[in-house]
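Undergrad: Single-letter residue listing:
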Amino acid sequence: MRPSLAAAIDLRRHVGRGVVRTAGHAGRFFALLVELVRGLAEWRVWAPRTVEQAQNIGYGSLLIVLLIAGFAGAVTALQSGYQLQGGFVPLYYAGGVVASGVILELGPVLTALILAGRIGARYAAELGTMRVTEQIDALESLGRSPVTHLLLPRILSGILVIPALVIIANATGIASGYFASAATLDLTWSDFTFGARFFFKGPFDLWYSLIKAYFFSAAVTVIPCYIGYNTQQGAEGVGRATTTAVVAASVTILLLDTTLAKLLLGQ
Amino acid sequence: MIELKNVSKRFIDNVVLDGVDFEVRQGETVALLGPSGVGKSVLLKHIIGLIKPDSGEVIVDGLYVNKLKRKELSRLRQRIGYVFQNGALFDSMDVFENIRLGVTNDEQYRDLKYCHERVRECLRLVNLQPEVMRKFPAELSGGMRKRVGIARAIAGRPTYLLYDEPTSGLDPVNSDVIDSLVERLQGEIGVTSVMVTHDVRGAFRTADRIALLWQAKIRAVGTSEEILASSDPAVRQFLERDFEMTLTQQATNLDEAIGDGTQH
Chain E
0 MRPSLAAAID
10 LRRHVGRGVV
20 RTAGHAGRFF
30 ALLVELVRGL
40 AEWRVWAPRT
50 VEQAQNIGYG
60 SLLIVLLIAG
70 FAGAVTALQS
80 GYQLQGGFVP
90 LYYAGGVVAS
100 GVILELGPVL
110 TALILAGRIG
120 ARYAAELGTM
130 RVTEQIDALE
140 SLGRSPVTHL
150 LLPRILSGIL
160 VIPALVIIAN
170 ATGIASGYFA
180 SAATLDLTWS
190 DFTFGARFFF
200 KGPFDLWYSL
210 IKAYFFSAAV
220 TVIPCYIGYN
230 TQQGAEGVGR
240 ATTTAVVAAS
250 VTILLLDTTL
260 AKLLLGQ
Chain H
0 MIELKNVSKR
10 FIDNVVLDGV
20 DFEVRQGETV
30 ALLGPSGVGK
40 SVLLKHIIGL
50 IKPDSGEVIV
60 DGLYVNKLKR
70 KELSRLRQRI
80 GYVFQNGALF
90 DSMDVFENIR
100 LGVTNDEQYR
110 DLKYCHERVR
120 ECLRLVNLQP
130 EVMRKFPAEL
140 SGGMRKRVGI
150 ARAIAGRPTY
160 LLYDEPTSGL
170 DPVNSDVIDS
180 LVERLQGEIG
190 VTSVMVTHDV
200 RGAFRTADRI
210 ALLWQAKIRA
220 VGTSEEILAS
230 SDPAVRQFLE
240 RDFEMTLTQQ
250 ATNLDEAIGD
260 GTQH
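For the protein sequence lines, the chains are E and H, in the order given.
Quick note: numbering that gives the first Met the number 0 has the first sequence finishing at residue 266, numbered continuously throughout.
Quick note: numbering that gives the first Met the number 0 has the second sequence finishing at residue 263, numbered continuously throughout.
Incorrect hints may appear among the rest.
Ranges between beta-carbon positions, derived for each pair [said to hold, decoys possible]:
no., chain 1, residue 1, chain 2, residue 2, range
1, E, Trp42, H, Ser54, 34 to 42 angstroms
2, H, Glu224, E, Thr21, 51 to 59 angstroms
3, H, Phe10, E, Phe28, 20 to 28 angstroms
4, H, Met0, E, Trp42, 36 to 44 angstroms
5, E, Val36, H, Tyr63, 20 to 28 angstroms
6, E, Gly116, H, Asp53, 36 to 44 angstroms
7, H, Asp12, E, Gly236, 15 to 23 angstroms
8, E, Val36, H, Glu130, 42 to 50 angstroms
Per the computed footprint, the stretches of chain E lying under chain H, defined by three or more beta-carbons under 8 angstroms from a beta-carbon of chain H, are [said to hold, decoys possible]:
no., region
9, 131-139
10, 142-150
Note that these hints are calculated values from the structure, not bench results.
Ideal placement from N, C-alpha and C gives every residue a C-beta, glycine not left out.
With the hints as extra help, turn the sequences into a complete structure.
TA: See below:
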């Protein structure tokens, strides 16, 4: 066989396998979504476990969210102060840049990305370990559904907790932005809030932030749960599932961010 | 009654089961023997619907397992206790919660008083003290984990018990303890059992009938006497290899005992 023909056949085989694998993932992912919706009826099983999970991930993530939002708000204030030097633009604009930047973008996106690493990795590793040690099989063998016992509590607790963490991140980012502006630009609270209101387009900005938070919370929880639940091949598989889950959730967050900006802001 | 009719299963290019016919009658204990990696656990997982066959039928109590809907399968599984090879205990839960999950009736599961009594009873049946209840799986020895796995499997009062290598990874003393336990449970709770193992000695001790899975097919089925009398070369090869392994193990134990003796 000619080398060019062999290479072409090899390429087709690779593409074919890729298509089959992607179709398999799409089918399994869709089936899982259907199971999740069906599982909602068994609230006696998932409700108590959801509260437990929400407490775990909520308290556990609070400190890192406060840190990230605090630094993000302060850096935004410092950089906007640097760019506003020269007197052509009033300094109170810094308040607007900080408030809008944090509410519309930095608060939801940075919180979601950090939680993709923290919660997403945890979910994928937990479920992956349970899969390879046959704990998920054991649950099924007892006639119990892994979807209602393991997946729904994790996903619903994320959908409850992550938007709340985004609201906290927004408030922290704006507060730290004000303190940084006050310390470096001598901006008063009234100047800062005047600037913030100047750029504020009404309650829609807050809704936009919250809508993004809900979409991101689905990405942070559903994708890692799917990947962890379908883990194969021992400890190596758990490691691979964890890395894949964080990368896939992060990329989805960025894609959603762009899509939602286009759809909701009409830009 | 459990029946497998012409069941085939392959994983990519590896044919694990090739037209397997297998039957377990009500009330009996069948040991499924075979070399490691031959597909014994795969066959066992077919019975409970954890793996679906590529072709053929798996029938339990007249129900076609691979055609059951989710809820029907769930109800069938409540009648089957499955003892996993490595225990498969939920490591985030203590022993009490692990065994309580085995209580498959929802009303009984929610009744904490009933669960406490049932967990205590199951622990007694597997020769474990009630104090073990508050321990986590990581705090238990290998033998204890296996016994908690058995306790969880019997907590829902199943009609069938499926054991996946209940003695693998255990020393001969603990293996004997588990074999006695399996034997005693047959008498006390009267279930129909399938035991997957490569431990010939344990299988001959506990089973009413023995089946040999060899190269993706059931090669021989019969009572221990019939299997011992078999002239099938595969059966002879498997039994003789196990016999040699037993002798080697005994020689190693003896060497270790002598070694220990000279050190003291």
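Undergrad: Each hint: holds or not?
TA: Each hint tested on the structure:
no.	hint	verdict
1	E/Trp42 to H/Ser54: 34 to 42 angstroms	holds (39 angstroms)
2	H/Glu224 to E/Thr21: 51 to 59 angstroms	holds (56 angstroms)
3	H/Phe10 to E/Phe28: 20 to 28 angstroms	holds (22 angstroms)
4	H/Met0 to E/Trp42: 36 to 44 angstroms	holds (37 angstroms)
5	E/Val36 to H/Tyr63: 20 to 28 angstroms	holds (27 angstroms)
6	E/Gly116 to H/Asp53: 36 to 44 angstroms	holds (40 angstroms)
7	H/Asp12 to E/Gly236: 15 to 23 angstroms	holds (20 angstroms)
8	E/Val36 to H/Glu130: 42 to 50 angstroms	holds (43 angstroms)
9	131-139	holds (count 7)
10	142-150	holds (count 3)
Checked against the numbered hints given earlier, this structure breaks none of them.
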